[in-house]
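Using the sequences and the hints given, assemble the complete structure.
Chains as they are written, first to last, in the numbering used here: chain L, 1 to 273; chain H, 1 to 268.
Accuracy of the hints is not assured; some may be wrong.
What the hints assert, rightly or not - Far from chain L, by Cβ distances over 10 Å, these chain H residues were calculated: (1) Phe3; (2) Asp27; (3) Pro41; (4) Gly48; (5) Ile51; (6) Met85; (7) Pro86; (8) Pro87; (9) Gln173; (10) Ser189; (11) Gly191; (12) Tyr203; (13) Lys239; (14) Ala241; (15) Asp245; (16) Asn268.
Said to hold, decoys possible - Listed next, with one range per pair, are the computed distances between beta-carbon atoms: (17) H:Ile185 to L:Lys166: 52 to 60 Å; (18) L:Asp192 to H:Asp245: 21 to 29 Å; (19) H:Gly246 to L:Arg173: 46 to 54 Å; (20) L:Glu169 to H:Gly246: 53 to 61 Å; (21) H:Gly24 to L:Lys166: 45 to 53 Å; (22) H:Thr247 to L:Asp197: 17 to 25 Å; (23) H:Val240 to L:Asp197: 23 to 31 Å.
Think of the hints as simulated: they come from the structure by calculation, not from any bench. The C-beta atom is built at its ideal place from N, Cα and C for all residues, glycine as well.
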Amino acid sequence: MSNATVVVVTSGKGGVGKTTTTAAIASALAKEGYQVCAIDFDVGLRNLDLIMGAERRVVFDLVNVVRGEASIKQALVRDKKLNNLYLLPASQTRDKDALTEEGVASVISELRMYFDYVICDSPAGIERGATLAMRHADEAIIVSNPEVSSVRDCDRIIGLLDAKTKIAEDGGRMPKHLMITRYDTERAKTGDMLATDDVVDILSVPLIGVVPESKDVLKASNVGLPITLSDENSPAAKAYMEATRRLLGENIPVTIPEEKKSLLGKFFKGRAA
Amino acid sequence: MKFKGKSFIAIVLSPEPPFSDWLGEIDRIIARSPGFFIDRPIILDVRGSKIAIEDLEQLLEELGTRSVRVMGIDGVSGTRLKPGMPPSFSGGRLASDIDVPTPSTNSPGAETAETQAKAPKAARAEEKTDTKAPTAARKKSHTSAESDDKQAAPASIVSGSSIVITEPVRSGQSILHPDGDVTVIGSVSSGAEIIAGGSIHVYGALRGRALAGVAGKDCARIFCSKLDAELVSINGLYKVADDFDGTLRNAPAQIRFENETLVFEELN
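Take a look at the structure:
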């Protein structure tokens, strides 16, 4: 039996792209051939099933499993396209108090036996739901937008990752990766957004990927497909694929999205080189 | 004319009936540590106790005979107070508990410290009352006295009276070390705070708050490789980012206390 790596996708602020990132990374890992399970910890506000296009096949959810009302096998939803990708959805009718610490611990330890990767989609904030999602993680992906409020909240979450997780309590350090999402080159240049260097400097966490702001992401979530499956050639999908390879340990340089150069610019650049 | 901000912590005493027993408790503290109440700002908190003004008068007299000087009363409106009584106070924020110099004391009332209204979080710093306790244990108890979602200080190395923190101090974290210097190898994020009895050294960007010399040391200094702080304070005298000299922004800097002002200097 394999022993999975549990990755938590977290951020302080809402709306930064945690769920999109979870779906994209999980499906990219599955495409690489790993057995992957994505868990939606955002009890009360489930979204991951929507983005993964599984909302009409949800029968049992995380709360049912935590409470012992269903087995994990009953609750897992298999992806339509990839048969090694599963989803453990959240319940929309309950709230985060329905999750117990022991229940979550046993669910995670059971999933560890079946999968290579377990990706936990954390709810926003620093409340119980977020701490439960990160508690048993082996690694963390911190999702931040290039704006000050998002960066500040991520900093807070990193502090929690170093204080309130199982690894931290056992005296270890959780490996952390920074994912910058909704990056807009134009606005970074004019100073409306923080540059990636500034975000990395403030958070001092290694960068795993920079995902450009893209309409493709919205389009993909509307059709219920993770961006890495729906439009493999979009810049956002490429950024997620790269990030996934880095998560797997490959050492490749991070591509910072740039403006498309004009033909003339390309021409001159070519001459100079 | 200039107004200066200076912060103290006040001991808040909440008298509980029967007052004779409560005064006996105060006597016990004084017997154990005669200097405990001397020269300290002391506030009487009678909020919610519906104490009669005559009883309050008598209580103040009793405290007076024990040389406990009350500087203000919280929880009674100024109009009810008799002439000669300390003024009415309000708007204080609760800070962490003050150690009474014997570990066994849990006397109600004598252990809440409250900030004065004008004081920023500087006032949260603890007074130095028990220098014999092991530094590490003290530090732990101080950090845990923080807010509800407190976090332990990151890995730190205790040596003598100073601590070294080898990780960035994150937003929401508070490092409290009332006994000596704090050295941070890394950055102090905006929203984080370092409170030290001695000096503060930050080998990285100082983006949060740094409160040095909280135990009454004017000679404490703050050093950082990149000054972008929200607030700096030495011995209670503080300055917020808006009042800084803009030329030192993001530069290596030191801040020291001189003639009742904070002096900012570039380090090179």
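The hints, checked one at a time:
1. Phe3: holds (31 Å)
2. Asp27: It holds; H:Asp27 is separated from chain L by about 41 Å at its closest Cβ, greater than 10 Å.
3. Pro41: The assertion about H:Pro41 holds, with a minimum of 33 Å to chain L.
4. Gly48: Nearest chain L Cβ is 30 Å from H:Gly48, so the label holds.
5. Ile51: holds (40 Å)
6. Met85: holds (44 Å)
7. Pro86: holds (40 Å)
8. Pro87: holds (39 Å)
9. Gln173: violated (5 Å)
10. Ser189: violated (5 Å)
11. Gly191: Non-interface label fails for H:Gly191: nearest chain L Cβ at 6 Å, not farther than 10 Å.
12. Tyr203: The claim stands: H:Tyr203 keeps its Cβ more than 10 Å from every Cβ of chain L (closest is about 13 Å).
13. Lys239: holds (22 Å)
14. Ala241: holds (14 Å)
15. Asp245: holds (23 Å)
16. Asn268: holds (21 Å)
17. H:Ile185 to L:Lys166: 52 to 60 Å: This hint is violated: roughly 26 Å between Cβ atoms.
18. L:Asp192 to H:Asp245: 21 to 29 Å: holds (28 Å)
19. H:Gly246 to L:Arg173: 46 to 54 Å: Violated: the Cβ-Cβ distance is about 37 Å, outside 46 to 54 Å.
20. L:Glu169 to H:Gly246: 53 to 61 Å: Cβ of L:Glu169 to Cβ of H:Gly246: about 43 Å, so the range 53 to 61 Å is violated.
21. H:Gly24 to L:Lys166: 45 to 53 Å: holds (48 Å)
22. H:Thr247 to L:Asp197: 17 to 25 Å: holds (23 Å)
23. H:Val240 to L:Asp197: 23 to 31 Å: holds (27 Å)
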